[in-house]
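Q: This is what each chain is made of:
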Amino acid sequence: MTIVQPIQIQVAQKVFEAWDKLGVNGRAEKLQKALNAFPNEQRKMAAWQINNAKQSIAETRVMPGPTGERNELSNQGRGVFLCMSFIEGDKAKVGLVGQIFAALIAGNPVITVGPIGQEIMDMISSFVAEGVVQNIAESAQDSLIEANHLAGIATLCDPMQAQQLSQRLAAKSGLICQLVEETDAENLSVIAKPHYVLRFVTERTVSNNTTAIGGNATLLELGSMND
Amino acid sequence: MFKAIEVLQPNFIQRPLNELWQLISPLYNMDEEKWLNELLPLARPTEGELETQTNAAANLIAEVRKDDDSMSMIDALLLEYSLDTKEGILLMCLAEALMRVPDKETADAFIKDRLSVADWASHAKNSDSFFVNASTWGLLLTGKIVTMDEKKDGTPANLVNRMVNRVSEPVIRKAMNQAMKIMGHQFVLGRSIEEALSRGKSYRDKGYTYSFDMLGEAALTAADADKYLTSYMKAVESVGKDTYSQKHRPTISIKLSALHPRYEVGCEERVMTELFDSVKGLIIKARSLNVGITIDAEEADRLELSLHLFEKLFRDECTKGWGLFGLVVQAYSKRALPVLVWLAALSKEQGDRIPVRLVKGAYWDSEIKLCQQRGINGYPVYTRKESTDVSYLACAHFLLSEHTRANIFPQFASHNAHTIATISCLAKQLGATTQEFEFQRLHGMGDALYNRLIKGSDICVRIYAPVGSHKDLLPYLVRRLLENGANSSFVHRLIDASYPIADLINHPVTTLESRKSLANPHINLPANLFDDRKNSFGPNIEIESDWTPFKAKVDAFMGQDTQWRAFPIVGGEKVATGQTHSIESPYDHNQTAGQIDWADAATVTKAIDLAEAAFPAWSARPATERADCLDKMADLMEENYAELMALCHREAGKTIQDSIDEVREAVDFCRYYAQQARSHFANPTHYTDFLGNEKQAKLNGRGVFTCISPWNFPLAIFTGQVVAALVVGNTVVAKPAEQTSLIAFRAIEMLHQAGVPTDVLHLLPGDGATVGAPLTSDKRIAGLAFTGSTGTAQLINRTLAARGVAPVPVIAETGGQNAMLVDSTSLPEQVVRDAVRSAFASAGQRCSALRVLFVQADIADRVIPMIKGAMAEQSVGLPYLHSTDVGPVIDKKAQRMLLDHIEYMKAESKLIAQTELPDFAKNGTFVAPTAFEIASIDQLTDEKFGPILHVVRYKARDLDKIIDTINNSGFGLTMGVHSRNETTCARIASRARVGNLYINRDQVGAVVGVQPFGGQGLSGTGPKAGGPHYLQRFAIEQDL
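Protein sequence lines correspond, in order, to chains A and B. Under my numbering, the residue at position 28 of the first sequence is numbered 28, and the numbers go up by one with no gaps. Under my numbering, the residue at position 41 of the second sequence is numbered 41, and the numbers go up by one with no gaps.
Hints are computed from structural coordinates only; laboratory data are not their basis. One or more hints might be untrue.
Among the chain B residues that face chain A by a calculated CB cut under 8 angstroms, a handful are [to be verified]:
hint, residue
1, T605
2, V1010
3, E1037
4, L1040
Predicted, not measured: the structure shown is a model, and the values here were computed from it. Note that CB positions come from ideal geometry on N, CA and C, so glycine has one too.
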């Protein structure tokens, strides 16, 4: 059976690799240009998400371990994220901006929903490559939720809606689609936390054991180092 | 530990041979300080002796430096490109790989890669040596093209770019190849013994003699071993025919690893028969032609095995009465002195003198790294260069002593002027004549030094000369360059006229004793590898003194009379449910490891009730207290190491090394998560929120966590999940795999013993229907950690979501369709070794195991037969035997699925090889390691969790397509890459959607806190186990 992907997923997947490869700082540079267009609190939230990511996920961490090899831990985007809010109001909008910026700065292409999503997308899209941020009509939301290759959904909703979404995502085949839900629209107690951005990344370890061309030479130097 | 100084007493070597043998092994990882304090008196000169030795060394160096020809081309190269420069390392890399790359495209890409990253031009005119500039720029063929004019051309980087762009890689490729051939010429005496004998004549006229070594890597296949044996036989014949009249005839040096594909302790029986026969044949031939044979020294793990084999050969009729069968001893080994003592006694007992080449040792870096990786309790080698020098002189003192000289003919191999001068002085002091010992040097090195020495003395100097094709030269060459190119090397300093002579003639005893500590503080012991936690310990199963007592402890649990009896543990009580199941050993279904009662519904409910009630108190305990329990657990597992290993064998069918690795991983998880909890959970973190308010947040436990673990890492993954959930402040209900619940039972007992309250942690063995379902459908479950198949993860996720409560964290580690990409710059021997281990170790039952090997078409016809040959050498057998490489698969269901796949693939693709199964395989669930060649990864639909490898050929230009295909499989767990081209490695690394990428190594055995492990896409949700973000997912972040 041929599975037809929604066109937005296909477009997002095409730009995913290039967007992810920019790295946190590369993406931050682009996203920061979009900040001025946002109203006060939304702008602060967006800027905070960017800075938080720069501090927590930008760096490739060199892990300790045996001499003569190199182990690095870095972060990548997970894939296409659908960002949406079932809740209206200014606070929720700040939260939605937070979700979208967290997802983007982490390296994921984002699909927003409805007029609010469109508004946010319009403020960002001219600063990023085509397809990095897309918008769909609310009527198309269900087909996106059901689509394969959706890496996750970030949503502001009430607890009941979160449960329902969780069940819908779990019913899908393929990869376990992440649900990053915020049910406290008033305080944004999930979105506005330092560890929130971790929900949008996948980690990657690279172990390089290219001995005989440097690794072991380094070890030899260690062995003869003065006290 | 014996008193080293006593070896100078003539009667010391008259002790029984077996008694002297016992002195060797315990020194393998002896405390370095203690042992060096024993050795120092043997090496320490009197004041008068020190003055004599120092003056002799100073004179020798001064004379060598006066000599205009002292700097050979290779010396000049080393001086210019010291390995502390990036260019030096890159040049070695280029040299090492370039000549074996068969396709021009890859070679050109490789050159571009190398030249683009270094500041070559800054070196181009620093050296007067034509060779240095030539090899840098490839001017040998294209001198006219690159006339350097720095004034016009601006920055060096631009020069390189211009040259690369203008001249093009093909021209450089030809030139570099030519340069490498010249380097080869410098280091290799000839492509054949005849050529070597002919080229060596001028040196022999000066008084030198030779020991020839046939170049080559260690044999991986029987065919390789046959090839090397033939080559050694021919070498012996050629040297035997040599008519050059000389007092000291040339000899042949042989590498045992080249003569047998499994020259290792685990295969001792084969070594003592098959390899014995091969070497015996060589000895018979050599003796008939009066050509001496020397056995080269190799890795420390093989030392004791090599001595066993040497003794058997030495005592054989073919060798008795000969006196020209010798071996090499490495002074950097802590065991060197007792080995020499034992050899002297052996020689004395038989009455045949043994020629012994004393070298400093060439595998120092790998020895250190290997011990660090394996958590060995110490190092077999000294950690300071001067300690090796001290050991060398101490050994020399013993060798030159009157009572030893009669039994051993010492051959001192060194390029260090101080060592040479000191040995000469020592010989005089001890009354050894120049007929009673000799010096040895490497071909292409130390010419000036030994030319001086040989002029004024009748001492024999033997040149160790590699013979073989340029292709085989490279690994050898790189090792020599790495050894001698490091800035600290004496050779390097000797030729560097700016280095003061006074600094070259320090006696190693003086240098060592001036240090604050005898051991090198920069080389941490394996146990202290990490700054913030203790590394797990692993016994070395290759070393008699380490393994024999350890094995005895394991054996105590291996008899059928030892049966474990396990139950669900709820609230600390063992719950007898009457649903009793026997656990069969996968390697023999006639044997059982014990019995376990499965939990029933009431037991599951009670466990969740208790866990829920215990949560507030446990989560309120300071994180440091919870972390203490984990540290205690780690210690308890190490205290019960032997029992846990026996359970790994008997319940999970794990081999010895796999069982050690299993316990170590579990220990590491405990210590790593304990350390992480102390760092991140003990105190609140301060942050500024998006509105600029200063806030404090704390990570807290979520409630009752369900942990569902697999059978393939029954202790490590089980413990890792449970302790991660616990240390964060959650209470835990744990369901181990049905097949491996006994070891989980012991782990829970130990966790309670370690201080985890009994109402906080509960064990619920049983099947999915009775235990798994309620553990995932209960509304009180606040989170779940799962490792297993992708399908089961999806089912669990659905059950959890259907509960009608807020979504909870699901941390799932699932399957993979793991690939390894191999291009033509890679080293085939390393590829085959790593591919075979990645695919077949643990019977392929690792999430990370290699399933699809992509080999660049240009080298596939070389690599695939090598895989076939290496598979023929794999031993499928009983997991508790050292000789076994591949044990059973876990159960009949797994076996059936794998055998079905093998049958299917036999019809659909080309069988490369299938390893033989032993007769007793029918008693258990064994699957023969099998390899198929397939056209594309698309031929595989899902993961086959067992010892089955699929090989795909690809064209270099299709690399991106291959990466796309792998990405499109949806899985993303591990990937291996073998390439010397860093640009290629970086390209693959940036494009491949995998969790763990391994470059130029195997792709299994991730180490906790070093290589955080976990996949993406269909392979798991993350965060990575054993990584810095894992614990956070078990927690909730709350403002204070």
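Q: If a hint holds in the structure, say so; if it doesn't, say that too.
A: Results of checking the hints against the structure:
{"no.": "1", "hint": "T605", "verdict": "violated (23 angstroms)"}
{"no.": "2", "hint": "V1010", "verdict": "holds (4 angstroms)"}
{"no.": "3", "hint": "E1037", "verdict": "holds (5 angstroms)"}
{"no.": "4", "hint": "L1040", "verdict": "violated (12 angstroms)"}
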